[in-house]
Amino acid sequence: MTAKLFGSATIALAALALQPAGAQQSVKIGFVSTFSGPQAAIGEDMRRSVELAKEHLGGKIAGKPIEIVYEDDQFKPDVGKARSEKLVQQDKVSFVAGYIWSNVLLASLKTVTDEGDTILISANAGPSQIAGELCNKNYFSTSWQNDQTPMAMGDYLNTKGVKSLYVVGPNYAAGKDMLAGVKRTYKGKLLGEDYTKWPDQLDFSAELTKIAQAKPDGIFIFYPGAHGVQFVKQWVQAGLNKTVPLYQVFSIDAITLPQQGEAALGTLGAQEWVNDLPNEQNKRYVADFKKKHNVYPSYYGAQSYDAIMLIASAAEALKGDLSNKDKVRAELKKANFKSLRGDFKFNTNQFPIQNFYIQETVKDAAGMMTVKTIATAVKDGKDAYYDKCSMK
Amino acid sequence: MDYLLIQVLNGVQLGLLMFLLAAGLTLTFGIMDLVNLAHGSLYMVGAYLAWTFITWTDSFVLGALLALPATFVVGVLLEMTVVRRLYARDHLDQVLATFGLILFFNDLVRLVWGPAGKSIAVPSFLSHTVQILPGVPYPAYRFALIVVGSLVALLLAWLVARTRMGMLIRAGASNRRMIAALGVNIELLFSLVFGLGAVFAGLAGLMAAPIASVKIGMGDDILILAFVIIVIGGIGSIKGAFVAAMIVGQIDIVGRAFLPELLKAFLPPASASAAAPAISQVLIYVLMAAVLVWRPTGLFGQRT
Amino acid sequence: MIERLKQPRAIVTALLLVLLAVLPLLTQAFDQRYLLSVGTRIVIWSIAAVSLNMILGYGGLVSFGHAAFFGIGGYAVGILSAEGIQSGWIQWPVALAVSIAWATLVGALSLRTRGVYFIMITLAFAQLVYYLASGLEGYGGDDGLNISRSRFGIIDLRDKAQFYWLCFALLCGTLWFCGRLAHSRFGYVLRGAKSNELRMTALGFPVFQVRLVACIIAGAFGGLAGILLANEGAYVSPAMMSWVKSGDLIVIVVLGGIGVRFGPLYGAVVFFALEELLKPFLDLLHKGWGEYWQLAFGPLLVIVALYARGGMASLLRARE
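Keeping their order, the protein sequence lines are chains R, G and S.
Note that the working numbering numbers the first sequence so that position 239 is 239, with each residue one more than the last.
Note that the working numbering numbers the second sequence so that position 186 is 186, with each residue one more than the last.
Note that the working numbering numbers the third sequence so that position 60 is 60, with each residue one more than the last.
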């Protein structure tokens, strides 16, 4: 027994060390997301979309096979950073995409973009720092900046004439960004503002009781993933759905709807992509996704699909030669691909300039819960930070 | 006044839920001297089993009644295969082993039930609101939680104070070697107590499921809270766990419902609304530290 | 000395230390930069684990809040860096002083309790720091803070190899210091109090003071690990000190062997090696299994707890 254990560990380490350093015969993409723990469903949705993108590309970009290495961040910044480091240093990928969470993204940012000189494409997280002073030539986003979606919601609430609002969100950075976003554009009366424990609060009775007491014309929430399920269910159980309508961002989507069920019917949300946007590539994406997995894709998936298609457009234009990073960046910046959102342009900070839509939760013809577009809240929206970015 | 009453009830309901989870933990801790980090996993397994049985039978009550014995079986099997070998070990070996069990259960659940969470609907006969006072509505399901939680607490009090098993449990909590010397079938007693603890954890999991969601790792964060409660109450003391759970439930609600208003009396509104959530998050830890500095073995713990 | 070298444990330890000492040369020769990153993390976590082993292994005081020192050391560097003070000559002493102050406070209050109550009160204090850091909106709050690495003039922390050697030298220093301490009069009192507190007190030893000093020393080295961790990632966040990290530290110490001088080092190596290797290994057996590596990792920990009493160190003991 004695030293054997260590012996075998050393051999295994040596085996790892002697792996051939990835031959550049394929287009290698790293994908970091959450594949274990309570938020694994989001990662799964993203992976399904990445795989679908790969399939739609015929498994090849510019004649070279696509190789995707998935890494699990476990919803922890330090793990995300270590996994990103592995992708860059060991797997020697040309692009790292993914990232659901702002803190995981911020922890990994330097390792990938500066020390690794590798291109990072965020398929979800969009903290304001990176749109502004921390903007980076190696950083592209196929999602949004955190404040944009709630700002679109605030605009819509004004047009709809919602006179008073109560806002609730989790007490962490993105939560504060989201509530700050809606407060920036909403012009009615703010009756209350609550921040709840993150990520372990399971009961919202105290907040809902306060809301019932305040009698606002609407509630605005931001609760991503499993937390959105909890809030919406408790809102209905408290009977508030009969008196106070719910407006949300990132809290009711294809991932949470199977659990929220009819409780979510009729609620309104803002989003930059909806599954019924009328363009050919989107119709194909949604139909193929549904055929394969029997559920609707979510915006997490759509943004991931777009990230792969963006990479493909650049690599195709360069005929698969990714050795010159300047050329790769220039091609990426053109955003010369068919986004699921239709029109797609990059701003100077390499965040999208895009529309935001208002979606309503409905039942489709087959009785499945989904969302449909009812209005355009913002046209060609830019984030509020791009002028702080040094790139012009 | 109505508002105050409802918030107090919210606290009671939260406290009772925590008590269910803490009761099993304090039992196994007090009697077998076992630090069981995997207690939260039993809470999760209980909820997932309930989801399976409720989906299968299409009835909340029937599903729950099937899930509880199933969780008991899981608990007893776990005790017989792994946990039994840990009683004689020091706390650190127990921490290592049960930490391993958490990782195992989290991935096992993902393998069996998939990464997406599950949802258990409130049973239809409890999906309305009840009038606790004329004109004061309260969600019926939450009211049912209070009733069931109180009944279980009474049952447990009776079990510990009035039955032979309870006698052994109390004897075991104060002197383990003694009951073994008296010829009690210790192995069986321990298996039963561990299984009972699992049932309470499972019950907490399935009762929390309709208000929360059933998800992987749902027991991990709440486990820390359960430990806080049994430590404040004093390890091994059911009464202590109950009192501590009630205090923690109320403190949590006070922090969320009243603190922001309270702070606005002293601070400008902007800093009050920033400070309130930060303070309410640490309130229970401050409470625990204060209790332990004041009484180093908790409110109702054995003095050494 | 010669006799000791015959023991497998001494041989493995020597080999391990030599391997770690030349790691940057190896990774450069084989073009494996990532292994150096893993090695750096192992070395930094080892420093924290060695410091925890001092109170947990020798003193029997199970702290479930040791990761707080990661955060305290890290945030002291991070906040100074954000305020424009980049010099390591200022950052590091300040970070150590804050760690020591915090350890003194927590130690003095926590040492009133015993056993599991000590575990939980240390957790409570760690949670306080965790939520405090999450509330520091000026310094990134929950999102954490990107920082630039400490400047020293003589060495460049941005250079991976130089940084690694600095960490390794500090690990050797920590191992030497804690090893010496364990076998000093101080160490014997600490260990004596673990097995029989009453007797040691009756013999007139200042048990409380000795334990407090042990907590302070452990806190200082924990803070050092935090400083290094902040410089490794050029990033600090509250997640550094979540209770899960404190749990990981305990697991590493127990895995390696409680109260054994090099135990924490074995523990850290095995812990990180398993994390890196189990996934590719399982994927090799069957594509897709790697995803569920914790399904294998968990039971492995159970087996170590059940059958390898005394952790890795006991596996390496010469057969009697």
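It should be emphasised that the hints constitute simulated quantities derived from the structure, not laboratory data.
Take the hints with a grain of salt, since some may be wrong.
Calculated lysine to aspartate or glutamate pairs in the EDC-like style (CA-CA distance at most 20 Å, straight line) [what the hints assert, rightly or not]:
1) R/K215 with R/D200
2) S/K287 with R/E67
3) R/K86 with R/E55
4) S/K287 with R/E51
5) R/K197 with G/E187
6) R/K110 with S/D156
7) R/K215 with G/D2
8) R/K160 with R/E360
9) S/K160 with R/D117
10) S/K279 with R/D91
Derived Cβ-Cβ restraints for the label pairs, each shown as a range [stated by the list, open to error]:
11) R/D326 with S/P93: 40 to 46 Å
12) R/K334 with G/E261: 49 to 55 Å
13) R/A287 with S/W289: 47 to 53 Å
14) R/K334 with S/I90: 45 to 51 Å
We put the CB at the ideal spot given by N, CA and C, even for glycine.
Hints, verified against the model:
Taken as a hint, the R/K215 and R/D200 pair is broken in the structure, with Cα atoms around 27 Å apart against an allowance of 20 Å. For the hint pairing S/K287 with R/E67, the CA-to-CA distance comes to about 15 Å; that is within 20 Å, so the pair holds. Simply put, R/K86 and R/E55 have alpha-carbon atoms about 26 Å apart, too far for the 20 Å limit, and the pair is violated. Distance hint between S/K287 and R/E51 is fulfilled; the C-alpha atoms sit about 16 Å from each other, no more than 20 Å.
Between R/K197 and G/E187, the direct Cα distance comes to roughly 41 Å. Violation of the 20 Å bound is thereby established for this hinted pair. Among the hinted pairs, R/K110 with S/D156 is consistent with the structure: their alpha-carbon atoms are about 17 Å apart, no more than 20 Å. At roughly 15 Å between alpha-carbon atoms, R/K215 and G/D2 fall within 20 Å of each other, so this suggested pair holds. As the CA atoms of R/K160 and R/E360 are separated by approximately 14 Å, the hinted pair is consistent with the 20 Å bound.
Note on S/K160 and R/D117: the hinted pairing holds, with a Cα-Cα distance of about 15 Å set against a maximum of 20 Å. Of the pairs offered as hints, the one joining S/K279 and R/D91 holds, with about 15 Å between alpha carbons and a cut-off of 20 Å not exceeded. In this structure, R/D326 and S/P93 meet the distance hint of 40 to 46 Å, their C-beta atoms being roughly 43 Å apart. About 54 Å separates the C-beta atoms of R/K334 and G/E261, a value consistent with the hinted range of 49 to 55 Å.
About 32 Å separates the C-beta atoms of R/A287 and S/W289, a value inconsistent with the hinted range of 47 to 53 Å. Evaluation of the 45 to 51 Å hint for R/K334 and S/I90 yields a pass: the beta carbon distance comes to about 47 Å.
In summary, the structure is inconsistent with hints 1, 3, 5 and 13 from the numbered list given earlier, while agreeing with the others.
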